[in-house]
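So the sequence lines, in the order shown, correspond to chains A and B. Going by this note's numbering, 108 is the number at position 108 of the first sequence; the sequence numbering is gapless. Going by this note's numbering, 238 is the number at position 238 of the second sequence; the sequence numbering is gapless.
Treat the hints as calculated values from the structure; they're not laboratory data. Treat each hint with caution, since some may be false.
Residues from chain A that keep clear of chain B, each with C-beta distances beyond 10 Å, as calculated [what the hints assert, rightly or not]:
no.	residue
1	26
2	44
3	62
4	68
5	75
6	97
7	117
8	140
9	164
10	207
11	239
12	254
Listed next, the in silico SDA-like pairs over lysine to any residue satisfying Cα-Cα at most 25 Å (straight line) [to be verified]:
no.	chain 1	residue 1	chain 2	residue 2
13	B	220	A	36
14	A	181	A	146
15	B	220	A	117
16	A	181	B	29
17	A	212	A	224
18	A	40	B	29
19	A	40	A	212
20	A	181	A	137
21	A	212	A	142
22	B	246	B	183
23	A	40	B	3
24	B	220	A	39
Label-pair distances were calculated between CB atoms; the ranges are [as the list claims (entries may be wrong)]:
no.	chain 1	residue 1	chain 2	residue 2	range
25	B	41	A	92	36 to 42 Å
26	A	152	B	239	52 to 58 Å
27	A	162	B	38	41 to 47 Å
28	A	44	B	48	52 to 58 Å
29	B	41	A	117	40 to 46 Å
Ideal placement from N, C-alpha and C gives every residue a C-beta, glycine not left out.
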Amino acid sequence: MGPMVGEESVQEGAAPEATWAGAGRARIELRDVHKSFGPKHVLRGLDLTVRDGDSLVILGGSGTGKSVLVQHLIGLMRPDRGSVLVDGEDLAALSSAELTTLRQRFGMSFQEGALFDSLTVFDNVGFLLERLGTMTRAEIRDRVFECLELVRLEGTAQRLPSELSGGMRRRVGFARAIAHKPEILLFDEPNTGLDPVTSAVIDELIIRMREKLHSTTVTITHDLRSAFTIATRLVLLHQGQIAAEGTPEEMQASEDGRVQQFLSGEAHGPLTDDEEAEREARRE
Amino acid sequence: MTRALNDFFAEIGHFAQMFWDVLRWTPRRPWDFGELLNQMVRVGVLSLPVVLLTALFTGAVMALQTYGVLARVNAESFTGSIIALSMVRELAAVLAALMIAGRCGSAMGAELGTMRVTQQIDALEVLATNPVHYLVVPRVWATTIVLPLLVVLSNVVGIYGGYLVSVVLMGANPVSYIDRSFQFMELADVTSGLIKAAVFGFIIALIGCLKGYRTRGGAKGVGNSTTKAVVAASISVLIVDFFLTKILF
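One chain only, chain B, in its complex shape (with noise of 0.2 Å):
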């Protein structure tokens, strides 16, 4: 119990180490944009078909899930707003960061995982390149850029996929469906979405990177790492959801 209780804390304490030096270095040269390009584009461009297609679903099982049971009111009308509204407020950002959890949240600590244990990350220090800066800092940002951008397009797609489902499956009006879409949402409904996502991105990246930053022994050890990367990433994400809805609604 009482070492539990320590690794938590060591974690805990890492992680705001690591959270310090990404701030510390992100103004120092030199300033690598081509890494930040590249890494936005593995980010961003390449988890686009997963993300968009986790929105498209949602937002259909959503339709169908919500205009059976509002039928059942006369309020099927409303299925738009409350999909449009779900997704802008909460699904689309939630959604989006677990993928990216998962998919590169992953990547970063298997990645820097193996550069660990292959001393790579130690060869960076020796040529003098500090490796939060050379490595840790462009994921992060590109990462924090990155997924409000993916968001924006999730909240389109997921709009769009309850749409399909209620006006082709479900018959309901596609005019006045748009229409309720859009009724009731405000700007900071949608600003708030994309705050948390920049959030999640910025935390995804960070435990990435810090696992695989921290790796010890060789391929078990990278293993373990990507597993943790994606377990702490996605529990974080979840938690730190609940935190900023009660701050920002």
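Pulled out of the complex, with its shape left as it was, chain A reads as follows (with noise of 0.2 Å):
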């Protein structure tokens, strides 16, 4: 397993409020990342870097390939062209074992949990550290229920997949994702579906692991009050490409027009005529 968060993996003096400005190295970049899916060209040459200490938030409407390219960072989708780097090592470029070992770095929390519903709540919190072997029983015990205490589901632990509601599940995901403390976490829409309280601990838990545990980040996310809590810098995903980039105080400053739009809400504006045109020339 590669290094524990917290131990030798981020740089000396890199505190949180200054890494979003790039003084961390990069850990994740993508370069000239294209993707299709049949005639669907949902990456179309997305450059990305995500620095050591980044909370990066991924914004973008329905549809924009959010999901996708967070899948890439962690190789599990390849690009059709371009190429994705971690910590300098292109993806493509890994067998599949070294790539398995790699992805001890990461932790993920996916859309809809993705748990395991053959295990309980605890073997799935427990799984990888079940599975590196390098804890005791005892030790792994702890680390579970210190897990599920952060996402406060204390007493579910014996429960199967199946016995929780949709909130639930999500935040045994968040659990299982942090419990090996890994230096890169991704978060797809993590906070969907929560009520208002345990969707600022999430936001709380984010921010936490970034500050004390010094934790890369990378959240999709539509909720904006989420966005701009958790968030060092922000970037605005339209048709295929990074369309504007910056802290959250730059973003809400911006003067794009796509921008605006976004964060207003606004059902008109330059994003949806845009999607118009696109829709217009597919049609042609």
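Can you join these two chains into the complex? Each is in its own frame, and there are hints to help.
Here it is, written out as structure tokens:
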């Protein structure tokens, strides 16, 4: 297993509030990434760098390829063209065994939880810890209960995923993602379907992971309140490319019409005009 | 036509890739003997009633069919030989394989298919666990180990089914029936049937897992994978049976 977060994985003195500006080394780099599904060209020459200590939030309308982008970051999808580098290593050049080892640096929380339905909550959260075999049973038990407490799910350890609500499943997925203290955390819509209080708890956890454990996080969310709470940097994905990028303050002050439309939630504007023009072009 | 050919060769390619992945990931740690045992119980112990029932009635029907025909040429005493050799060399392995394809190949296709469409297989990858290593390897080896064991029991039960009909219904002499059953049998007849069973087990589980692993779409995709797993495994068993028979005898 790679170094645990908080041991030696982060540059000395990289205070969270300074890291967004690009002070940290590049952990993940996407270079000219293209991805199509049949005739639909989802990612169109996308360039993106995620730096050490970043809390990057990816914004964008539904169907703009945010989940596809995140799946490229961890090698669940391979680009049709372009490359994805993690700590300088091109994912396409790695064998499946090397990729498996590299993924120990990651934790990912899926949109619908993606819990193993034949395993209990306890076994789900402790899954990777058991597989790695580097901790005793007592240590695993303590860590699992600690993670469940963090997501306010004490007392659910012996339940099966089918006995949980959607929001609870998502929180178990979150606990599973952080259990091995990964260096890089990917969150696919962590707040969707959660009540405001639990949503705020999850936001707080993401911030704490970054500040205390120096984790690098990449989050997809539609929840703007949450996005501006957790982000050190935001990007707006539009038509398969990064349309705008900046700190929360820069994004709020942006004069880019696309950013303004997205943040204000207007039904008409440059974003929808572009989509309409694309639909017209496809029809022709 | 071109597309059908493309799909066919793509399937062959996926099968070869999965075959290679299973061989490659088998010796790697961690070895999950618990899951191997669990799969052996699911494929073996839980399939025992259906496999043995099939063997019992196959032996019984064969006795009904052959006894009368052989009696026409006063050769009814050879009924036991025919049933025993047919079961041991051919029928027990093929019928058990077809039953396992229907019962377990489909279950593997559905289980892995559901895991695929609910992102559980993606989650495995994210949790630094190779899905072939964790899901496919134990299923394939469990089926490969268990199917010959089921065939051993099928042989016994199938021969007993023939004995019951011949002796109880048709009035054959029990001592000469048993004597004749094993008179012409050689060890190679038994081992060849067991080799066939092991190969069939490997193929059934590999195809079932492959179809599930490559599932696309939602519930409909899982349904398609399940159907394809049974059909492809059953047809493969019959085709491979021909070539194995040619090689082994």
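Right, here's what the structure says about each hint:
The Cβ of residue 26/A sits about 21 Å from the closest Cβ of chain B, beyond the 10 Å cut-off, so the non-interface label holds. With a minimum CB-CB distance of about 23 Å to chain B, residue 44/A clears the 10 Å threshold, and the non-interface call stands. For residue 62/A, the condition that its CB be more than 10 Å from all CB atoms of chain B holds, with the nearest at approximately 18 Å. Here residue 68/A stays apart from chain B, with its beta-carbon at least about 12 Å from theirs, past the 10 Å limit.
The Cβ of residue 75/A does not lie farther than 10 Å from every Cβ of chain B; its closest approach is about 8 Å, which violates its non-interface assignment. Interface exclusion of residue 97/A from chain B breaks down, the closest Cβ pair being 7 Å apart, not more than 10 Å. Non-interface status of residue 117/A relative to chain B is broken: a Cβ of that chain comes within 10 Å, the nearest being about 7 Å off. Every C-beta of chain B lies more than 10 Å from that of residue 140/A, the closest at about 14 Å, which supports listing it as non-interface.
At roughly 14 Å from the closest C-beta of chain B, the C-beta of residue 164/A stays outside 10 Å, upholding its exclusion from the interface. Residue 207/A, annotated as away from the interface, keeps every beta carbon of chain B farther than 10 Å; the closest lies near 22 Å. Look at residue 239/A: its CB is around 25 Å from the nearest CB on chain B, clear of 10 Å, so calling it non-interface holds up. Chain B leaves residue 254/A outside its interface by the beta-carbon criterion, the shortest separation being 33 Å against a cut-off of 10 Å.
For the suggested pair residue 220/B and residue 36/A, the alpha carbons sit about 23 Å apart, so the restraint of at most 25 Å is met. About 12 Å separates the Cα atoms of residue 181/A and residue 146/A, which keeps this hinted pair within 25 Å; it holds. Taking the CA atoms of residue 220/B and residue 117/A, the gap is near 19 Å; set against the 25 Å cutoff, the hint holds. With a C-alpha separation of about 22 Å, the suggested pairing of residue 181/A with residue 29/B holds against the 25 Å cut-off.
Distance restraint check for residue 212/A and residue 224/A: the Cα-Cα separation of roughly 24 Å lies within the 25 Å cut-off, and the hinted pair is therefore satisfied. A C-alpha spacing of about 40 Å is found between residue 40/A and residue 29/B, which places the hinted pair above 25 Å, so the restraint is violated. Our distance criterion of 25 Å between C-alpha atoms is broken by residue 40/A and residue 212/A, whose separation comes to about 41 Å. Between the alpha carbons of residue 181/A and residue 137/A the distance comes to roughly 17 Å, so the proposed pair stays at or under 25 Å and holds.
Taking the CA atoms of residue 212/A and residue 142/A, the gap is about 19 Å. The hint holds against a cut of 25 Å. At roughly 24 Å between alpha-carbon atoms, residue 246/B and residue 183/B fall within 25 Å of each other, so this suggested pair holds. Proximity of residue 40/A to residue 3/B is assessed by CA-CA distance (about 21 Å); at most 25 Å being required, the pair is judged to hold. With a CA separation close to 23 Å, the supplied pair residue 220/B and residue 39/A stays within the 25 Å bound.
A hinted range of 36 to 42 Å for the beta carbons of residue 41/B and residue 92/A is consistent with their spacing of about 40 Å. Residue 152/A and residue 239/B have their C-beta atoms about 56 Å apart, which keeps the hinted 52 to 58 Å range intact. Checked against the hint of 41 to 47 Å, the pair residue 162/A and residue 38/B fails, with Cβ atoms roughly 19 Å apart. Taken as a hint, the range 52 to 58 Å holds for the pair residue 44/A and residue 48/B, whose Cβ atoms sit roughly 56 Å apart.
Between residue 41/B and residue 117/A the C-beta distance comes to about 19 Å, which lies outside the given range of 40 to 46 Å.
Going down the numbered hints, you'll see the structure goes against 5, 6, 7, 18, 19, 27, 29, while the others check out.
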